[in-house]
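K.L.:
Sequence:
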Amino acid sequence: MLLFLFVCSLQHALSQALYEIPDNTKTRWSSFENPAAEKGMGGRENKTAKGHAFDMIDPKGSKTMLDYKGAGIVRRIWLTVNERSPVMLRSLRLEMYWDNSKTPAVSAPLGDFFGIGLGRRTPFESEFFSDPEGRSFNCNIPMPFGTSAKIVIINDSTIPVMLFYDVDFTTVEKHDKPVFYFHAYWNRENKTKLERDFVVLPPVAGKGRFLGMNVGVIADSIYETSWWGEGEVKVFLDGDSQFPTLTGTGTEDYIGTAWGQGQYAHRYQGCPLADAKNRQWSFYRYHVPDPIYFQTQCKVTLQQIGGESTDFVRRLKKKGAVLKPVSVAADKFHKILEMNPVPDLMSDGFPQGWTNYYREDDVSATAYFYLDKPANALPAIAGLEARTKNLLVIKKD
892 MLLFLFVCSL QHALSQALYE IPDNTKTRWS SFENPAAEKG MGGRENKTAK
942 GHAFDMIDPK GSKTMLDYKG AGIVRRIWLT VNERSPVMLR SLRLEMYWDN
992 SKTPAVSAPL GDFFGIGLGR RTPFESEFFS DPEGRSFNCN IPMPFGTSAK
1042 IVIINDSTIP VMLFYDVDFT TVEKHDKPVF YFHAYWNREN KTKLERDFVV
1092 LPPVAGKGRF LGMNVGVIAD SIYETSWWGE GEVKVFLDGD SQFPTLTGTG
1142 TEDYIGTAWG QGQYAHRYQG CPLADAKNRQ WSFYRYHVPD PIYFQTQCKV
1192 TLQQIGGEST DFVRRLKKKG AVLKPVSVAA DKFHKILEMN PVPDLMSDGF
1242 PQGWTNYYRE DDVSATAYFY LDKPANALPA IAGLEARTKN LLVIKKD
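Letter 163 of the sequence shown, counting from 1, is numbered 1054 in the working numbering, and no numbers are missing.
No false leads were mixed into what you were given.
Cross-link-like lysine-lysine pairs, in silico, BS3-like; alpha carbons within 30 angstroms at most:
| hint | residue 1 | residue 2 |
| --- | --- | --- |
| 1 | K1125 | K1215 |
| 2 | K951 | K993 |
| 3 | K1215 | K1280 |
| 4 | K1168 | K1208 |
| 5 | K951 | K1041 |
| 6 | K1215 | K1082 |
Distance ranges between label pairs, derived from CB positions:
| hint | residue 1 | residue 2 | range |
| --- | --- | --- | --- |
| 7 | K1208 | G1025 | 38 to 48 angstroms |
| 8 | T1187 | G931 | 39 to 49 angstroms |
| 9 | S1132 | G1025 | 39 to 49 angstroms |
| 10 | K938 | L1137 | 51 to 61 angstroms |
| 11 | N915 | D1166 | 41 to 51 angstroms |
| 12 | E1016 | D1166 | 12 to 22 angstroms |
Read the hints as simulated data drawn from the structure, not as lab findings.
The beta-carbon is built from N, C-alpha and C at its ideal position, and this holds for glycine as well.
Assemble the whole structure, with the sequences as input and the hints as a guide.
P.N.:
Given below as structure tokens:
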């Protein structure tokens, strides 16, 4: 009930009539022109004439974008940097701390956090994120805090970076009800393990709401042009063990499309990046109209399954691709025929049809959620080498 009331209050705040002015609420912006977001203290440098629009983040250095003591809600984050290569957008790290927590509630590569994985940018707009022309980073997820908020960007690279930003927030003397805190978790496997689901969100304990994810896939060239996205999203809730409560039917199904995955960007679901030439896809799904609540625990995974015709899969197997068939759609009704035990792929007894098979690819994801505590006890973000290893250099035509 507490989470429901909090979500309702947030929805009311976001949907209130434009002419309604809430009591005891003040608007503040933090930027290099007013880093402390103080009343009457903006634009003081250079006689108010654009004196401090940007600053440099030194190699191995950091910049604090917000450090506020008190209660409020972060409403919008905008920023841009002058170096936006895939390696740099994985080298820059965004961290957020709520209510004096020692560990970050958010710790993710800059590019991945802002709605598109793999360190790549392209124009898009969704419910939570946007990039009008492929050069900026916008987030409008409401992020409440009770006693303090701190947002930091860290440069783990050896190159200085120019940063422009502003963080827009409102303050209150005290929230009417206990707040649920915004969290984000990033994970990557350079090569997933056969028959093991990729973990989008490890088990997180507490009460909250899973907001959704964005996922990046770099398909291994060993599988050629075969389809990589047969894997199902699984959400384990409140004590689920072997089997989840929520299960999808396939990767592109989860993000609202079908029969493959092209480029599009909708409000709650999309695939801003569909680069078949470089075998790269980045896609998202946000559970706003279809909320996912949890009372004690939540875990989210994505199966690593692809599909192609039987003869195509046989050819991949012959040339050394690591794979294992799991099922075949073998009749005119495209009915899935479960096979247990699975016959030898190379045998005459293996049916002809669309063969689904476990495979190994490079997969990464950012998971977004609210939790009833400012810290989440999830694993720390991977180091620089693991974040940037084997990122493809995109050649422009």
